[in-house]
Every structure is written in structure tokens, then in C-alpha cells.
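Student: Read off the chains here:
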Amino acid sequence: MTTPHPISLEVNGERVEAHVLPRINLADFLREHLKLTGTHVGCEHGVCGACTVRVNGEIVRSCLMLAVQVNGASVETIEGLSDSGEISDLQAAFRERNALQCGYCTPAMLISAQDLLKAKSEPGREQIREHLSGNYCRCTGYQAIVDAVEATARARKSRDKSRAP
Amino acid sequence: MKAPAFAYARASSVDNAIELLSQHGERAKVLSGGQSLMPAMNLRLLAPELLVDIGALDELRGITRQNGVLSIGALARHVDLQNSPLITTHAPLLKEAIAHVAHPAIRNRGTIGGSLAHADPASELPACVIALDATIVVRGPAGERRIAAEDFFVGIYETVLSAEELLVAVEVPLPPSNATHYFCEFARRHGDYAIVGLAAQAVVDHGKFAELRPVFFGVGDKAVQVKVPALLGADVTPKALSEALQTLAEALDPPEDQQASGAMRRHLSKVLLARCVAKLLSRPDLATLEPA
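Those sequence lines, one after another, are chains E and P.
Mapping of the first sequence onto my numbering: position 102 corresponds to residue 102, and the numbering continues sequentially without gaps.
To convert, take the position in the second sequence, counting from 1, and add 165; that gives my numbering.
Treat the hints as calculated values from the structure; they're not laboratory data.
From the three backbone atoms N, C-alpha and C, an ideal C-beta is built for every residue, glycine too.
One or more hints might be untrue.
Unchecked claim - Straight-line C-alpha distance at most 16 Å; calculated EDC-like pairs for lysine to aspartate or glutamate: (1) E:Lys120 with E:Asp160; (2) P:Lys167 with E:Asp160; (3) P:Lys167 with E:Glu32.
To be verified - A short, non-exhaustive set of chain E residues, derived as facing chain P with CB atoms under 7 Å: (4) Thr2; (5) His19; (6) His45; (7) Glu58; (8) Ile59; (9) Lys120; (10) Glu122; (11) Ser133.
The following block holds chain P by itself, in its conformation from the complex (with noise of 0.2 Å):
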């Protein structure tokens, strides 16, 4: 199907875009890359008024490090963090969820702005944020709003973002030098929604976890931190990590659909976990753990 009629507006600053936004509130929608807004109006599940294009915004791309946190600006392309040398050195975790979104021509098109503020429940980004206690740099009539990414996401395509504002910039906190990450999702075909996934940044030291932030995409209306306290500061058992696994089986309630039963998300989560913690420990023997 294509999209119904709606009228458009080249943004010439990031003013004007939240001048229009103003003006047109819940009407208008934003547009960046328009990979997930585009499929939206041309399955008529979203029709606005008018559209806000961005995309000639020059002051929302780029990548930067800037005292002490990597900014990305809202119009970095998912291509951009794949190919930024910034990226790999400080935020691997971005550079590995990429490769799990979607195809080469969407990734060529698709910011990271467009899709944290989308707010897929499914898809990687917002979960990878989140673990790495980025900050949304969110601007509005009022001024600038900077939100924790773990206080951002409301449900399925919602954030705490108001029509009002628009979403500018995403800090990430540089890591220390004993940080690590593990990313891995399931999903029927590669580039696929994911039917769980996990991000996961932290900090080992001594074989140990110092800080461990896992966040689970897929498993509900929007990505979930789990606390796993009894996997910090010690060594990690096989007891330890059955206790943790439990605890993460507790805490999510995840959805049935076409792809899954909550029960097998469930399952699949902890078997992710598992191996998150086999592989950042390197401790082979707790990723053949059997989670009950």
C-alpha cells in the first residue's frame, strides 16, 4: 500500500523543527531516516498531518568524544556507528547490535535517533543504550531536557518524549579500560526482529564482575534491565548463576505471538544470560549450565 496524503516540512534548524513541532503537536510526525515511519504510513498505520523532515539538519549528525562521553548525534546513521572508529573503540556494543539491523539499504538510511525515539519493544538499540547508561538529549520549546535511557522508554512505541520536542543527541559515558559487552540475539532469519535478545556491557575485573547491566529486548513492551546482584564481586558458581537465572525467569513476563510463547522467550533468556556470563568470565563450564 502506499502512504495517504499528509503535507511536508523541510526543517532548516533544529528551532524550526521544534517551532513546526509546536505548532502541529500530536499532527505532525518527525522524519529521520523514515525506516520504521515509512512502512508505518505505507501500511496506513500511522497517518499524520505532516511530516517534519530533519534530514537536512547538519547540527544533529556526528559522532564525538567530549568530556568524558562519546555524543551521537540523532542523525548518525546505523552505518555511521558501524563504520565509526569512536564507536568501536568506546561503545562496541553499538558497533555489534548493527550488524543484527535489519539489511544493508535500511542500515544506510536508519539513525539512531529514529529509532530509540520509535521505541520498538524488539529492536536493539533501545536495549543497547539502556546497558550503557547513555544519556537522550532531548530538546523542546522549553529547552533541554536530558533523560537516563533507562527512564525513556514507556512501552510499545512510546517514550516520555512530548510532541513537542525533538530528540537531538545520545551520550554515551566513556567505559573504563576493563569494560567488555556481549550482544547476541535469536531471531528466525538473520536481520529479523529479534524473539530475545541481549545487551549486556560491564566491567570484570579479576574474573569477577565489578558491574554487569543485561537488558532483554523482545521479552516485553519495551527493553528490561535485570538486576543480578548475586553475579557481582565474587566468583561466579554454578549456584550463583542458577540463583541469577531464576531470578531473571521471575522477573520477565514476556509476551506470546507468532514466533513465540512467553515460555520460550523465557527460556531462550535465560539460556542468553548463561552464556553472557560464561563468555564475559570465560568460563566455558557455566554456559552448558542447563537452566531448569
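The shape of chain E in the complex, shown without the other chains (with noise of 0.2 Å):
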């Protein structure tokens, strides 16, 4: 009954066939399988937010989902954003304003941001609060991190003026 299923996924673009048993969720399956330890696990129960991934586009908590559950679908982590220069001026933002610390919550907080800014060109500070309600971040207290938000989102539209016709 309890035995493994098989599934089918895209990560990161690239095509993963594996067996997983039920239990095992999308953190873990992406850590312990895939070896993409940037994906992080702190509460395991859907609060503290450090698991946040995309799925289908969308951000998820992996720890909320089975990998049998991600059959067919596409999953995109801290890796893939990270290495195809999606979230560059983004991260170097957050370097820049020291918007991480011990870095744990980072990688969750960098995808929750993007999603925020692919969506709204310029989001108030209210705005990004909310969004990354859902993010817990225990060193910075959140100010640099919003700062730095809100300067990625400004420099985009600057940039997005100046490439303009």
C-alpha cells in the first residue's frame, strides 16, 4: 500500500522521473533527492514560509506538498531563479541593503519577492508587508528586506522607461 509512485516532473527546466513513497513532501524530495538544498526547511507545517517554491508559476510551500502531488507539473527553486539571472538585481538588492543575515529564510524570501514584482511594477511597502506576511525573517526585522523590495522595484521601472520606444 505504502509503496513508491512514480512521477514525472519538470525542475528547473529539466526533466526528473523518480519513485518517491507518499510521505515524502516537495522540501524534501528537492533536498534529499535532488540534492537543491537551496529550498529550506524550518517549521515543516506551513508557517514560517522557507520552503516557498513555484509551481506551474505559482508560489507553494513544498512542505505542504506531496512529490506525488507535483506530478506533471513544473517546479522552479532558488536554484533556477538564481542561475537563469531572473532575481539578479533582486538578490544584489538585498546584499546591498543587508537584507539577510543568517540567509535562512533568503532563498523563500527572494522567490516570495519576485512573485510580488512580476505581478505589480510598483508595490508600496504596505503592499510588499503583505506579501511576504506569509515569510518569516528572524534576524533583519524586515525593514532593509522591504527596502530592498521596493528599490528592486523602482529600478526595474526606471529600466523598463528607458528601454522604451
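From these two lone chains plus the hints, build me the complex, please.
Tutor: Here it is in C-alpha cells:
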């Protein structure tokens, strides 16, 4: 009954085929099976947000999703977002503003922030706080994180403007 | 912690899901969005032997308007409710409530069917569907049952659903054009479960309530609908409101926990009802009425 199930999915653009036990959640699958350890595991019950990844383009808690549930899906982790250069400016802004200290929350914080920046070109600080409200940071007090996200939004906006014909 | 071992079956149809649930009864649990079930399993508060995953059942998705009702499939996610023009038009109460449900990553997975079947007494959606006078549609081996939302919830994490039944849809009657609503909750932090919350649907006609359905959550073992005849059909005077608040205080017997005492919850409930009445009638004078 509790036998492994075959799954086939895409992770950061690459096809992955595996056999997983039903109880393995997506976070552990990414970390243990695929060695993608940028996805962090904090509370394991959906509160801290450290395990945030993208599934089919939407942010989700990977500790609250089973690996068997992502059969046929496209999963993107911090490794994918980072390697593609999609968030290099956001990462630079985090570094510049000291928006991280221990770094445990950072990969998920970046993914959640990018999710907002994709949807809204100029989010206000309240909107940024609201969108990141499901991601805990125990070091920074959030101020610098909100600064970094705000600065990235502004920089992207002026970049897009200067590119416009 | 991590979930204990269990078996997993991906249902291929609603009938197949019901068949699996009939075979395994109490030992099985339905997996919808998993945003309440998975935490409970990871914390080992629940240890089902089998999960029946209904996530691939497209027949349970979608929000449609038909025959005078808004039909919401059980698998409609919080984010789907938030973005649906039909919900915005016909059930704005739901849209407003969703903004208080957890956080974006949770709302991308959590479903209305899952939230209602889970029946957390502090969660927003059970109160909303009672306020909206919705009908919960469930299917089991014996066919379909249609249950009024106010009869659906029994107690903490408990509904009238049997282990063989599946919640398939929620039907919300289309409101009249002069319908209005109110939603507010007190929580320690935005996105947390409410200490006390109020979801209300109303019809206001010439400055008077033709109808008012206030439903409180976080105040008992399930959402509590409070009858307020003193506020209906007539101009609401401070005295009438004061009486209604007194009736409310007597109707509620809120629990004490680490977040608030019973007395504090009762007080906050009165504050919420006064604000609700003031807002819906555009009578700011009533909101400042000091609840005794």
C-alpha cells in the first residue's frame, strides 16, 4: 500500500523521473533526492515560509505539498531563479541593503518578493509587507528586506522606461 | 516533523473518489489543497492510512452562474475566489474574507471545499457561507445531498459529512441588487487565525435592514449565526443597537485560550457588531456606541 509511486515532472527546466513514497513532501524531495538544498525547511507545517518554491509559476509551500502531487508539474526552486538571472538585481539589492543575516529565510524571501514584483510594477511598502507576511525572518526585522524589494521595483521600473522606444 | 507513512490514491473521477472512500471509511482522508491536512499530518495530529487525492478532478473546478445561483466547485482555490469577477459581483463577502486567509502561497493551494470540510471554528469561510445562506452539495454512495450551510457544521473540525461522502460544490444564491456585506476580524497578526471575526450579509432598504445575517467565528466550537430581530425593519436607534448587543453577549459563550479570555472575545464581538451596523447603515454615530 505505502509503495513508491512513479512521478515525472520538470524541475528548473529539466525533466525529472523518480519513484517516491507518498509521505515524502516536495521540500524533502527537492533537498534529499535532487540535492537542491536552496529550498529550506523550517517549521514543516506551513507557517515560516522558508520552503517556498514555484509550482506551475505560482508560489507554494513545498512542505505542504507531496512529491506525488507535483506529477506532471513544473517546479522552480531558488537554484533555477538564481541561475537564470531572473532575480540577479533583487539578489544584489538584498546584499546591498543587508536584507539578510543568517540567510535561512532568504531563498524563499526572494521567491515571494519576485512573485509580487512580477504582478505589480510599483508595489507600496504595505503591499510588500502583505505579500511577504507568510515569510518569517528572525534576523533583520524586515525593514531592510522591504527596502530591497522597494528599491528593486523602482530600478526595474526606470529600466523598463528607458528601454521603451 | 514529517507525516507518518500512508498510502496514496489519485482519484480518477468523483465516483472513483467516493468508491475509495466507501472502501476505506474513517481510515481514509480526502486530499484537496492540503493546506490544513498536511500541517495536521506533519504534526502527527492526524494519521490516515490512505489519502484520496481529488486534485486532478477538473469536474470539481470552476465558478459558474446558473439558475439563480453561483456554483463554486469544491476545488476552487482561495486565489480563484479572489480573482473571479463572478465572486466580486455576486459574493463580494467571500472576496473580502479571502484577503484575511493566511498568505499568498497558502491561498494558491487552499480550496473552498477543503476549508469547509475541515471546519476550523476560527476560519473565515464557514462563517461566510452561513452568512450567504449557501447550500453545501455533497455526494456519496447513496447519491447527492444538499445541506444548508448553517446545518453543515457540527463542532470543532466536525461536519455532517460522513466518511464516504465528498463535498463537491457550494451554491450561493444570487443576492438582490441592494444587498451589502461586512467583514472584519481581530487577529494578532494579519493572516493569523482570528481571535474573533464577523462575516455578515445584509439587505439595506431606505436606511433600514430588510435582512441581516451576522455570523461570528472564533467564538465557539463552530461559526455562530446570531439573530438580531431588534435591528430589522425599523430605524436603528442607539437603544435598539444596545439591546441587540446585549442579546449577542448572551448568545455567545466564547472559549478562553492563550490568545484571549472569553470576556475579551465577547467584548470584541459586540464591538464588531456595532461597527458592522454603523458601516452598513452609513451611521458612524452607532459605531462609537460604547458596548457595555
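Student: With reference to the structure, classify each hint as holding or not holding.
Tutor: Each hint, compared with the structure:
no., hint, in the structure
1, E:Lys120 with E:Asp160, "holds (13 Å)"
2, P:Lys167 with E:Asp160, "violated (44 Å)"
3, P:Lys167 with E:Glu32, "holds (14 Å)"
4, Thr2, "holds (5 Å)"
5, His19, "violated (12 Å)"
6, His45, "holds (4 Å)"
7, Glu58, "holds (5 Å)"
8, Ile59, "holds (5 Å)"
9, Lys120, "violated (12 Å)"
10, Glu122, "violated (18 Å)"
11, Ser133, "holds (5 Å)"
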